[in-house]
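Sequences and hints are given; from them, build the entire structure.
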Amino acid sequence: MNEVELLNWARGPGLAYATVIMVFGLTLRVIEILSLGRPKELAEVRSSGTADGVKLIVKRSLPEPRNWRYITASYIFHVGLLVVIFFFIPHTQLFRDVFGWFWGGWPNYIIDFFTVLSIAAMMYVLVQRRIDPARRILTRFSDYVVWVVTFIPFVTGYMAFHRLGPDYTLMLALHILSVELLMVLLPVTKLTHAVTFAISRYYTGSSMGRRGIKA
Amino acid sequence: MTTSFEQGINTLKRVIDGPIASYFSSCTNCGICSQACVFFTETGDAKYTPIRRVEPMRRIWEQEYTIIGKLKKLIGLSKAVTEQELQDNVELAFESCTTCGRCSMMCPVGNDIVYMIRRMREGLTAAGLAPVELKEAAVRTMEKGSVMGFPMNTLEAMIEAAEEETGIKINVDEPNVDYLVLLSSAEVMQFNEIIGALAQIFQQAGVTWTFSSKAHEAGNPGMHMGASEIEAMMINRIVEAAEELNIKKVISPECGHAYMAIRWEGPNVIGRPYPFEVYHIIEVLDELREQGKLKTTGDDCCGNERITFHDPCQAARRGGVNQPQRNLLNMVSSNFVEMTQNKACNWCCGGGGGVNTMEKTEPLRQKIFHRKRMQIEELDVTTVVTMCATCRNTLEEGIEDNGMEVEVLGLTEVVANHLLKEKNNE
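Chains as they are written, first to last, in numbering that gives the first Met the number 0: chain S, 0 to 214; chain L, 0 to 425.
It is worth saying that the hints were derived from the structure and are not from the lab. Computed from a predicted model, the values in this text were never measured in an experiment. Do not take every clue at face value.
Stated by the list, open to error - Within a straight-line C-alpha distance of at most 20 angstroms, the following computed PhoX-like cross-link-like pairs (lysine-lysine) qualify:
no.: 1; chain 1: L; residue 1: Lys342; chain 2: S; residue 2: Lys58
no.: 2; chain 1: S; residue 1: Lys213; chain 2: L; residue 2: Lys342
no.: 3; chain 1: L; residue 1: Lys12; chain 2: L; residue 2: Lys71
no.: 4; chain 1: L; residue 1: Lys248; chain 2: L; residue 2: Lys213
no.: 5; chain 1: L; residue 1: Lys72; chain 2: L; residue 2: Lys12
no.: 6; chain 1: L; residue 1: Lys247; chain 2: L; residue 2: Lys213
no.: 7; chain 1: L; residue 1: Lys248; chain 2: L; residue 2: Lys292
no.: 8; chain 1: L; residue 1: Lys134; chain 2: L; residue 2: Lys359
no.: 9; chain 1: L; residue 1: Lys213; chain 2: L; residue 2: Lys143
no.: 10; chain 1: S; residue 1: Lys54; chain 2: L; residue 2: Lys12
no.: 11; chain 1: S; residue 1: Lys213; chain 2: S; residue 2: Lys58
no.: 12; chain 1: S; residue 1: Lys39; chain 2: L; residue 2: Lys12
Take a look at the structure:
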């Protein structure tokens with residue numbers, strides 16, 4: 000298999016397999032959670048909690064000023080990740096092909112800026128994972144695996160765009176393959192939080208809302 | 000493998016529900032919860048990182064409730080939780096966690112960590128690992144009717160003394176009145192001025208109320224332990240008393256955990272809604288204020304000095320009572336100042352959740368009080384008001400240990416003193 004064949008596999012069957020595994024896997028994970036249910040609330044509630052649950056999904060995405068020093072790097076990384084995925088023009092074209100509609104992308108220099116920023120933030124996050132006592136004690140081997148599979152698409156994407164490395168076609172193929180690896184691992188690692196964060200935030204927001212707490 | 004250990008593991012399996020599964024699925028080991036926990040911030044010891052306190056439960060969840068975890072277990076990639084691991088967890092789930100829930104307010108994926116710790120405690124208790132002090136308190140409450148083990152006639156003596164002091168008759172077992180009032184043991188034994196304070200406030204407001212000889216204790220060691228049956232037994236006493244006396248409103252006293260137990264957990268542990276409503280005493284006082292039934296002098300309490308308020312975790316952050324105390328404080332003082340972190344994000348006093356009942360936790364409690372000390376000292380106040388007897392005890396201890404010149408008062412008493420002044424002026 001040469002570079003062109005590899006790229007074609009990655010763009011075609013590879014992407015299809017990865018998408019199916021990701022969607023199927025994430026659906027299973029969500030079913031795993033929801034099938035366990037939540038006990039009915041028998042105490043007299045102050046509100047239904049539904050609005051508070053939805054509100055918390057949004058609210059916990061906003062930076063928490065009390066912890067700003069602790070969260071800055073991971074916050075920057077998440078913003079950068081979303082910008083690069085959803086606003087790089089070739090990505091938006093792919094989404095447009097798939098969904099029939101998608102918003103327009105942002106200029107390349109903005110994407111470049113966020114890519115470099117995210118790579119730097121990710122490296123800082125990795126250092127923090129080693130030196131911050133709380134993060135260190137929580138860290139399991141899979142945390143490093145997850146870091147690596149998230150980091151590689153940034154680097155390969157950056158290299159492909161700037162024509163770095165031995166061969167553009169190969170770099171692009173590697174970039175797409177690395178994203179596919181990320182997609183496959185999404186349902187089976189803590190990367191699942193990309194979807195389940197909404198469920199956990201909803202559960203907490205709604206149960207606190209029932210008690211009249213603005214979480 | 001002992002039977003109780005198996006029971007512990009089975010209980011942990013049983014208590015895992017949708018929310019807990021979503022929390023473990025979402026946790027990224029980001030460590031932010033450490034920054035919310037006073038036990039971590041004041042000691043720097045990473046073992047106190049909140050989410051780590053439920054690590055045995057996480058492994059059980061993964062092995063039992065996820066396909067990938069089941070596979071890992073099958074091929075020997077994940078180890079079963081051991082008896083030793085559960086024993087080691089007692090320190091983290093009971094002795095160094097007040098279940099204050101500040102971590103739950105900070106988690107970026109929205110995990111209600113203390114909801115999990117509360118259930119972790121259930122597993123440990125089922126495994127026979129509950130701290131002996133909590134077990135003893137539960138036995139005392141079941142046998143004698145109060146957490147501290149005093150019989151009803153001790154409360155009767157306090158009631159008589161309050162009647163003598165105030166000249167107001169105080170009801171016991173009076174049916175068809177507006178409110179059934181519960182007290183915590185700490186109030187009866189240490190802060191019994193609350194009884195006279197209630198009598199004066201309710202008389203002025205024209206409210207009828209009673210104590211019950213069957214159910215006067217609001218404290219619930221069953222909740223601290225995570226022993227639902229014991230918790231339910233204590234809740235049922237209150238339900239039966241209210242039903243027998245035909246009372247439609249029950250007042251939870253100035254005790255945060257009591258409020259959590261009777262107001263929020265109660266109906267869920269007994270498995271049915273109450274035939275009455277439950278209020279924190281401060282909610283009731285604020286309602287009376289709103290109705291214009293609390294007549295005050297208009298002077299400042301506490302000698303016009305600056306006062307602040309310590310929000311008890313279970314009443315404010317976890318219980319949702321955040322505004323009434325502020326309305327009342329502003330009524331009695333023009334010098335009320337907020338702590339830098341307050342309401343749902345107040346720093347824990349370090350004594351709740353049963354922690355202050357365990358003697359061995361004293362050095363740790365002294366250490367973590369540093370945070371509260373800084374919060375109080377930066378405000379330059381003469382008085383800290385609160386609405387939880389456990390907080391009050393912990394604050395008094397910490398203030399004394401640190402040689403601070405600050406008085407600690409219960410809010411009901413502050414309000415009553417304010418009424419008293421008016422009466423004296425007449």
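So, going through the hints one by one against the coordinates:
With a CA separation close to 18 angstroms, the supplied pair Lys342 of chain L and Lys58 of chain S stays within the 20 angstroms bound. This hinted pair checks out: Lys213 of chain S and Lys342 of chain L have alpha carbons roughly 10 angstroms apart, not beyond 20 angstroms. Pair hint Lys12 of chain L plus Lys71 of chain L holds up; C-alpha atoms about 17 angstroms apart against a cutoff of 20 angstroms. With a C-alpha separation of about 16 angstroms, the suggested pairing of Lys248 of chain L with Lys213 of chain L holds against the 20 angstroms cut-off.
At most 20 angstroms may separate the alpha-carbon atoms for a hinted pair to count; Lys72 of chain L and Lys12 of chain L meet this at roughly 15 angstroms. Annotation: proposed proximity of Lys247 of chain L to Lys213 of chain L holds, straight-line Cα distance about 17 angstroms (limit 20 angstroms). Annotation: proposed proximity of Lys248 of chain L to Lys292 of chain L holds, straight-line Cα distance about 18 angstroms (limit 20 angstroms). For the given pair, Lys134 of chain L sits about 15 angstroms from Lys359 of chain L by alpha-carbon distance, which is consistent with the 20 angstroms threshold.
For a cut-off of 20 angstroms, the pair hint linking Lys213 of chain L to Lys143 of chain L stands: about 10 angstroms separates their Cα positions. The suggested pairing of Lys54 of chain S with Lys12 of chain L is violated, with an alpha-carbon distance near 30 angstroms, which exceeds 20 angstroms. Between Lys213 of chain S and Lys58 of chain S the alpha-carbon distance is near 10 angstroms, which keeps this suggested pair within the 20 angstroms criterion. Our distance criterion of 20 angstroms between C-alpha atoms is met by Lys39 of chain S and Lys12 of chain L, whose separation comes to about 19 angstroms.
Checked against the numbered hints listed earlier, the structure breaks hint 10 alone; every other hint is satisfied.
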